[in-house]
Amino acid sequence: MIPLLKRAAVILAAASFAGALVFAMLDLPAPGVHLPAAVEANMAASGVAHPVTAVLLNFRGYDTLLEVGVLLLALLGVLAVGARATPPAPAPGEPVKRMFARLAAPLMVLVAVYLLWAGAIQPGGAFQAGAVLGAAAVLLHLTGILPGWGAPGLRLRAGLAAGFLIFLVVAGALLAQGAVLAYPPAQAGRLILLIEAGLTVSLGLILAGLFLALSRDSGDEA
Amino acid sequence: MSGGMIFAGAGAVLFTMGLVGVVLIGPLLRRILAFNVMGSGAFLVLVGLAQRDGGADPVPQAMVLTGIVVAVASTALALALARRLHRLTGRTTLSATDDD
Amino acid sequence: MSTSLAFDLLLAAALLWSAWRTLATPDIFRAAILFIVFGLLLTLAWARLAAPDIALAEAAIGAGLTGALLLDAVGALRARRDSAL
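Protein chains in written order, with this note's numbering: chain A, 1 to 222; chain B, 1001 to 1100; chain C, 2001 to 2085.
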């Protein structure tokens, strides 16, 4: 048990820290750079009509590239830590739930494709689409249709890395333009859709993998 | 006082709350929860502060979108490590003396 | 204007309260459920901040996937502890 004195000191320090933070924020001068205006001014060259997608995949594309790399590394870490050669057979779920999952999964894939396509002009995009795909896989796993992950096979590995690799290849091919991920405006829309399609598949698989790789060690390790 | 400022202030308090949790809470699962609260607070500050004059700002929004996905990946990795620790040693805290 | 401001204040208070309960609840299972509630409240906050993209991602990933991961971990730890007894 942590001594009461230390606990009180930490809470007191934290409270004054929060107070200082809030006062500093209230005191903040107006921002010197107006970013929304800068985004608005460059929307025509971005290849998409939705500002958030333009920032994610065009103006700050390298952020997203590195982020997919981080996700891949996290999944590698999860697979390495949860070492178990053979995944247990999926527990047979209840028939009603299985039936529901079988009905819902194709609809969720449809929603993912819609979100991916809609991302160009309205809220949506690769992240949300990937999340829905991952959720579909988790649903199938929880109802006992999809088994947990052992060591991923070659095709699964290709799918996991596809988003990152497509992104890297596009970035490498565009290096000749003189800047990282500076798309030519005429092709920007198509390139972004290509990258987003790869990202959706990979993100879906990675997010599902984080759950499926972890859930295989439930129960005891006798 | 705008909506953005309210949520930025709440974010600052959430961040501190999570920080206190990470420092004071022993059991790893709960510490991971505190870490997530901390991250959510940082996200709220990022977007709320940028939008304190009203009007959406897509740049911090895109960064937070990236951050949420990275946060879930790091949470999964942390949970994997905590579960591994529990499987190998039966402990749910980092300290050798288990004060659950 | 004042109604929306009042709603924002209420939402911020609910966020702080749910986060506090998440960290202070002694039962880890309840803490995980409260964290999901916190994530859903956060989704509302993103919608209020005119960030529908983040709201979508938060609902699916922050509340959904993180919640599932947490509940699965709680279940696994409990199962092992119970089988050890």
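Careful: at least some of the hints might be erroneous.
[What the hints assert, rightly or not] Reference listing, derived: stretches of chain B covered by chain A, where coverage requires no fewer than 3 residues with Cβ under 8 Å from a Cβ of chain A:
#1 1004-1014
#2 1049-1056
#3 1074-1087
No lab work stands behind these hints: they were computed from the structure. Note that this is a predicted model, so its numbers are computed, not measured. Note that beta-carbon positions come from the ideal geometry of N, C-alpha and C, so glycine has one too.
Structure-based check of all given hints:
1. 1004-1014: holds (count 5)
2. 1049-1056: Holds, because 6 residues of the stretch 1049-1056 of chain B bring their Cβ atoms closer than 8 Å to Cβ atoms of chain A.
3. 1074-1087: Answer holds; 9 residues pass the 8 Å Cβ test.
This entry satisfies every hint, going by the numbered hints stated previously.
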